[in-house]
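Undergrad: One-letter residues, chain by chain:
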Amino acid sequence: MWFPRLASDRVLRRDPSEAPFVIAARAGSTELIHCLNTAAERAGLHRGMRMADARSFCPDLISRPADPRRDARFQRSLRRWAERFCPWVGVEDTDGLVLDITGSAHLWGGEAAMLTDMRTRLERAHLSVRLAAASTRGAAWALAHFGGIEEALFALPVAALRLAPETVTALQRLGLGSIGELATSPRAPLARRFGPDLLLRLDQALGAQPEPVTPEVEPPQFSVRLSLPEPIGLEADVMAATERLLSSLCAKLAAQEMGARQLCLTLRRVDQASQQVELRLAAPMREPARILPLFQRGVSEVDAGFGIDQIRLEATQVEHSPVQQMGNQANRPEQLADLITRIGTRIGLENIQRFLPADSHIPERSFLIAPAAFSEPQSGFHAARPRPIRLFTPEPILAAGPTPPERFRWRRMDLTTERATGPERIAPEWWLPDEAWRRGLRDYWKIDTCEGRRLWLFYTPQNPGWFVQGEFA
Amino acid sequence: MSLHLPSFFPLRAGRVHEVCGAASTGFAAIAAAVAGARALWVQEAWLVDMLIPEGMMPFIEPANLLLARTQNQIDTLAVAEEALKDGSLPVVVLEVTRPLYLREGRRLQLAARAGQTTGLCIIPEGMGSNATETRWRAGPVYDPARDDSTLMRWEIIKNKSGTTGGLHVFWNAQTHRLHVVPPVGERPGSAQRPE
Chain A
1 MWFPRLASDR VLRRDPSEAP FVIAARAGST ELIHCLNTAA ERAGLHRGMR
51 MADARSFCPD LISRPADPRR DARFQRSLRR WAERFCPWVG VEDTDGLVLD
101 ITGSAHLWGG EAAMLTDMRT RLERAHLSVR LAAASTRGAA WALAHFGGIE
151 EALFALPVAA LRLAPETVTA LQRLGLGSIG ELATSPRAPL ARRFGPDLLL
201 RLDQALGAQP EPVTPEVEPP QFSVRLSLPE PIGLEADVMA ATERLLSSLC
251 AKLAAQEMGA RQLCLTLRRV DQASQQVELR LAAPMREPAR ILPLFQRGVS
301 EVDAGFGIDQ IRLEATQVEH SPVQQMGNQA NRPEQLADLI TRIGTRIGLE
351 NIQRFLPADS HIPERSFLIA PAAFSEPQSG FHAARPRPIR LFTPEPILAA
401 GPTPPERFRW RRMDLTTERA TGPERIAPEW WLPDEAWRRG LRDYWKIDTC
451 EGRRLWLFYT PQNPGWFVQG EFA
Chain B
474 MSLHLPSFFP LRAGRVHEVC GAASTGFAAI AAAVAGARAL WVQEAWLVDM
524 LIPEGMMPFI EPANLLLART QNQIDTLAVA EEALKDGSLP VVVLEVTRPL
574 YLREGRRLQL AARAGQTTGL CIIPEGMGSN ATETRWRAGP VYDPARDDST
624 LMRWEIIKNK SGTTGGLHVF WNAQTHRLHV VPPVGERPGS AQRPE
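Chains A and B, in that order, are what the protein sequence lines are. The letter at position 66 of the first sequence is residue 66 when you use our numbering, and the numbering goes up by one with no holes. The number in our numbering is simply the position in the second sequence, starting from 1, with 473 added.
Errors might be hidden in some of the hints.
What the hints assert, rightly or not - List time: in silico SDA-like cross-link candidates among lysine to any residue, alpha-carbon distance up to 20 Å:
{"#": "1", "chain 1": "B", "residue 1": "Lys633", "chain 2": "B", "residue 2": "Arg485"}
{"#": "2", "chain 1": "B", "residue 1": "Lys633", "chain 2": "B", "residue 2": "Arg586"}
{"#": "3", "chain 1": "B", "residue 1": "Lys558", "chain 2": "A", "residue 2": "Lys252"}
{"#": "4", "chain 1": "B", "residue 1": "Lys558", "chain 2": "A", "residue 2": "Ala289"}
{"#": "5", "chain 1": "B", "residue 1": "Lys558", "chain 2": "A", "residue 2": "Ala240"}
{"#": "6", "chain 1": "B", "residue 1": "Lys631", "chain 2": "B", "residue 2": "Arg511"}
{"#": "7", "chain 1": "B", "residue 1": "Lys558", "chain 2": "B", "residue 2": "Pro597"}
{"#": "8", "chain 1": "B", "residue 1": "Lys558", "chain 2": "A", "residue 2": "Gln296"}
{"#": "9", "chain 1": "B", "residue 1": "Lys558", "chain 2": "A", "residue 2": "Pro357"}
{"#": "10", "chain 1": "B", "residue 1": "Lys558", "chain 2": "B", "residue 2": "Gly612"}
{"#": "11", "chain 1": "B", "residue 1": "Lys558", "chain 2": "A", "residue 2": "Gln262"}
{"#": "12", "chain 1": "B", "residue 1": "Lys558", "chain 2": "B", "residue 2": "Ala508"}
{"#": "13", "chain 1": "B", "residue 1": "Lys633", "chain 2": "B", "residue 2": "Pro483"}
{"#": "14", "chain 1": "A", "residue 1": "Lys252", "chain 2": "A", "residue 2": "Arg269"}
{"#": "15", "chain 1": "A", "residue 1": "Lys252", "chain 2": "A", "residue 2": "Arg297"}
{"#": "16", "chain 1": "B", "residue 1": "Lys558", "chain 2": "B", "residue 2": "Gly487"}
{"#": "17", "chain 1": "B", "residue 1": "Lys558", "chain 2": "A", "residue 2": "Ala337"}
{"#": "18", "chain 1": "B", "residue 1": "Lys558", "chain 2": "A", "residue 2": "Leu292"}
{"#": "19", "chain 1": "B", "residue 1": "Lys633", "chain 2": "B", "residue 2": "Arg511"}
{"#": "20", "chain 1": "B", "residue 1": "Lys558", "chain 2": "A", "residue 2": "Arg297"}
{"#": "21", "chain 1": "B", "residue 1": "Lys558", "chain 2": "A", "residue 2": "Pro284"}
{"#": "22", "chain 1": "B", "residue 1": "Lys631", "chain 2": "B", "residue 2": "Pro572"}
{"#": "23", "chain 1": "B", "residue 1": "Lys631", "chain 2": "B", "residue 2": "Gly612"}
{"#": "24", "chain 1": "B", "residue 1": "Lys558", "chain 2": "B", "residue 2": "Arg576"}
{"#": "25", "chain 1": "A", "residue 1": "Lys252", "chain 2": "A", "residue 2": "Gln262"}
{"#": "26", "chain 1": "B", "residue 1": "Lys558", "chain 2": "B", "residue 2": "Met530"}
{"#": "27", "chain 1": "B", "residue 1": "Lys558", "chain 2": "A", "residue 2": "Val468"}
{"#": "28", "chain 1": "B", "residue 1": "Lys558", "chain 2": "A", "residue 2": "Glu334"}
{"#": "29", "chain 1": "B", "residue 1": "Lys558", "chain 2": "A", "residue 2": "Leu336"}
What the hints assert, rightly or not - Partner residues aside, some chain A positions facing chain B, computed with beta carbon under 10 Å:
{"#": "30", "residue": "Trp81"}
{"#": "31", "residue": "Ile343"}
{"#": "32", "residue": "Glu350"}
{"#": "33", "residue": "Gln353"}
{"#": "34", "residue": "Leu356"}
{"#": "35", "residue": "Phe374"}
{"#": "36", "residue": "Phe381"}
{"#": "37", "residue": "Arg387"}
{"#": "38", "residue": "Pro396"}
{"#": "39", "residue": "Leu398"}
{"#": "40", "residue": "Thr421"}
Think of the hints as simulated: they come from the structure by calculation, not from any bench. Note that the structure is predicted; figures quoted are calculated from it, not measured. Idealized CB from N, CA, C, for every residue including glycine.
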């Protein structure tokens, strides 16, 4: 199966147009035609032409930039589709498929009927294709690209042997224009001149060397769907359908030793509108009984309209989650993970956080706050001196001089210093610009006031001023 | 009037309590440390006051603390209710910023009873709900003896099943214990109260 216009057909399928159309690929500083439709070919354009020339030939030319990754994805999806004909389907180059139809052709009523079926189906999909069936892979390639029948293989040019362009030119210079001439010429001088590759290709085309088709391994798909004969609208029914989908999805996950981290439930209604319920889990999970109740909140918010007739459940994000030894019942990490997920569906999974130690003397940066679902608890906090339990943005107070004030007013309270402990000098981290540390060094004091409150004050000697930044327990 | 502390503290499990006053954060940390050492602390995200793990260290291991930052008080209450009902964390501390209605307080009580967990609301003065089991007022007290002291005065100002009263306590970070300080007049060596 050769798709001579794969790239342009892919784009034109989405927005069809009869006008000349090309796909332009960048090669260095020039743009070359990568792929073109029949209208463009009729206008005199050809593959590999410069775009500037092409535009002068054909002023109303429509062009799109090439997207090799999308083309490859399109080719892969065609490969998946082609598995309907036979189980052994491989990818050939960037624009072809190779099918090993041995043993499957009779299911379609013979090779000719199979090719007709393929052709009608692909034409209906607006894909131009050239098909050929032959007894070897090399011959099929040659016939698809150069036409003809298998018995006339010897008449085809040597380029039909999947050779490098320079080899083809060299062979033509030697006067070996067709495969037949190549096959009848002595092999040893050819091998000496062109290396083993040429004769390997020849033998593969003629069937003297086997060339197996390698079917690609399908990446596991973690999605399941359910179509209902009658639309449903009750919450309990949707949950029952979800349960059924979940059990098969979780079986798939378990087979791959994966756990879902993010799930998406798509509910399609009778009127074609679809609604999605997203679920982000606090830990990779694959137990249906645990995941199902977590969907309850999202499903209860769905507007069923005239009924839901198709449900699709997809694990949009999966993580490796190996089988683990069951722990004792006392510490139930999975119960906590469920709680985090349940809270996370309401306030967002990022908003459930935990403290992690960080390496900094700056009090605000001596710890990190990380989402609990994506981090492990770590100990290792240390404080050389007592630290306040609460920290606020520095609040200026009226005081002068480097020694702590005897009396000061803070938050409309008159406070008297009874004991001052300090100073503890903390220098700003000059390598990290921080607006709050613009005033330079800080001398921190712990102030026990007569009124009871224990405050954390600092004085900035480089830029005199006093601030209250925290309160001790 | 002094209290017999062990009959009130650790706070009764399966109930929700309230605390107000300047030392309420310290009270909550001590309550969490005594009641099970693992806690969820629910806070509204716009509050600028940060909890400092190093400051928590004398009371509770910061690794055992989970924070939930919510958008508004309704979310705070919903998260707290969910966590109280679940029971996988023995203590849930929530900071409320507007008065609690009786219905909200009652729902929290039911959730705490279902999960056999302890709930503690840090409330601004006078904004509690009538459904609370106990309401405390905690304030720091100057301690001339020690410069790293955590001396506080705790008062029960509402109690559904007992008396009210106050006492002085301090937390010993080394032994992880709460100590009750006798009132000034009854300390050894102090002058006797005039008859």
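Undergrad: Confirm or reject each hint.
TA: Results for each hint:
1. Of the pairs offered as hints, the one joining Lys633/B and Arg485/B holds, with about 11 Å between alpha carbons and a cut-off of 20 Å not exceeded.
2. Straight-line distance between C-alpha atoms of Lys633/B and Arg586/B comes to about 15 Å, which keeps the hinted pair within the 20 Å bound.
3. In summary, the hint linking Lys558/B to Lys252/A is not supported, as the alpha carbons are separated by about 32 Å, beyond the 20 Å threshold.
4. As the CA atoms of Lys558/B and Ala289/A are separated by approximately 19 Å, the hinted pair is consistent with the 20 Å bound.
5. For the given pair, Lys558/B sits about 25 Å from Ala240/A by alpha-carbon distance, which is inconsistent with the 20 Å threshold.
6. As the CA atoms of Lys631/B and Arg511/B are separated by approximately 26 Å, the hinted pair breaks the 20 Å bound.
7. Taking the CA atoms of Lys558/B and Pro597/B, the gap is about 25 Å. The hint is violated against a cut of 20 Å.
8. For the suggested pair Lys558/B and Gln296/A, the alpha carbons sit about 16 Å apart, so the restraint of at most 20 Å is met.
9. Between Lys558/B and Pro357/A, the direct Cα distance comes to roughly 30 Å. Violation of the 20 Å bound is thereby established for this hinted pair.
10. For the suggested pair Lys558/B and Gly612/B, the alpha carbons sit about 30 Å apart, so the restraint of at most 20 Å is broken.
11. Pair hint Lys558/B plus Gln262/A does not hold up; C-alpha atoms about 25 Å apart against a cutoff of 20 Å.
12. With a C-alpha separation of about 16 Å, the suggested pairing of Lys558/B with Ala508/B holds against the 20 Å cut-off.
13. Using a Cα cut-off of 20 Å, the hinted pair Lys633/B and Pro483/B holds, with the two alpha carbons roughly 16 Å apart.
14. For the given pair, Lys252/A sits about 26 Å from Arg269/A by alpha-carbon distance, which is inconsistent with the 20 Å threshold.
15. Taking the CA atoms of Lys252/A and Arg297/A, the gap is about 25 Å. The hint is violated against a cut of 20 Å.
16. This hinted pair checks out: Lys558/B and Gly487/B have alpha carbons roughly 10 Å apart, not beyond 20 Å.
17. Restraint check: the Cα-Cα separation between Lys558/B and Ala337/A comes to about 15 Å, which is no more than 20 Å; the hinted pair holds.
18. About 18 Å separates the Cα atoms of Lys558/B and Leu292/A, which keeps this hinted pair within 20 Å; it holds.
19. A threshold of 20 Å between alpha carbons decides the hint, and for Lys633/B with Arg511/B the separation of about 26 Å lies outside it, so the pair is violated.
20. Using a Cα cut-off of 20 Å, the hinted pair Lys558/B and Arg297/A holds, with the two alpha carbons roughly 16 Å apart.
21. Only pairs whose Cα atoms come within 20 Å are accepted, and Lys558/B paired with Pro284/A is rejected, the gap being roughly 23 Å.
22. Of the pairs offered as hints, the one joining Lys631/B and Pro572/B holds, with about 16 Å between alpha carbons and a cut-off of 20 Å not exceeded.
23. Pair hint Lys631/B plus Gly612/B holds up; C-alpha atoms about 16 Å apart against a cutoff of 20 Å.
24. The suggested pairing of Lys558/B with Arg576/B holds, with an alpha-carbon distance near 16 Å, which does not exceed 20 Å.
25. At roughly 15 Å between alpha-carbon atoms, Lys252/A and Gln262/A fall within 20 Å of each other, so this suggested pair holds.
26. Among the hinted pairs, Lys558/B with Met530/B is inconsistent with the structure: their alpha-carbon atoms are about 27 Å apart, more than 20 Å.
27. At most 20 Å may separate the alpha-carbon atoms for a hinted pair to count; Lys558/B and Val468/A exceed this at roughly 39 Å.
28. Among the hinted pairs, Lys558/B with Glu334/A is consistent with the structure: their alpha-carbon atoms are about 16 Å apart, no more than 20 Å.
29. Simply put, Lys558/B and Leu336/A have alpha-carbon atoms about 12 Å apart, close enough for the 20 Å limit, and the pair holds.
30. With a least beta-carbon distance of about 46 Å to chain B, the hint placing Trp81/A at the interface is violated under the 10 Å criterion.
31. Checking Ile343/A against chain B: minimum C-beta separation of about 5 Å stays under 10 Å; hint holds.
32. Taken as an interface hint, Glu350/A checks out: its beta carbon lies about 9 Å from the nearest beta carbon of chain B, inside 10 Å.
33. Interface hint status for Gln353/A: upheld, as the beta-carbon distance to the closest one in chain B is roughly 5 Å, under 10 Å.
34. Evaluation of the Leu356/A hint against chain B yields a held restraint, the C-beta minimum of about 8 Å falling below 10 Å.
35. For Phe374/A, the suggested interface contact is broken, since its CB lies about 13 Å from the closest CB of chain B, more than 10 Å.
36. The restraint placing Phe381/A at the interface with chain B holds, with a minimum CB-CB distance near 5 Å, inside the 10 Å limit.
37. At its closest, the beta carbon of Arg387/A sits 4 Å from a beta carbon of chain B; the interface hint therefore holds under the 10 Å criterion.
38. Taken as an interface hint, Pro396/A does not check out: its beta carbon lies about 15 Å from the nearest beta carbon of chain B, beyond 10 Å.
39. About 21 Å separates the beta-carbon of Leu398/A from the nearest beta-carbon of chain B, more than 10 Å, and the hint is not met.
40. Of the supplied interface hints, the one on Thr421/A holds, with its beta-carbon coming within about 5 Å of a beta-carbon of chain B, less than 10 Å.
In the structure shown, a violation is registered for the earlier hints numbered 3, 5, 6, 7, 9, 10, 11, 14, 15, 19, 21, 26, 27, 30, 35, 38, 39, in ascending order.
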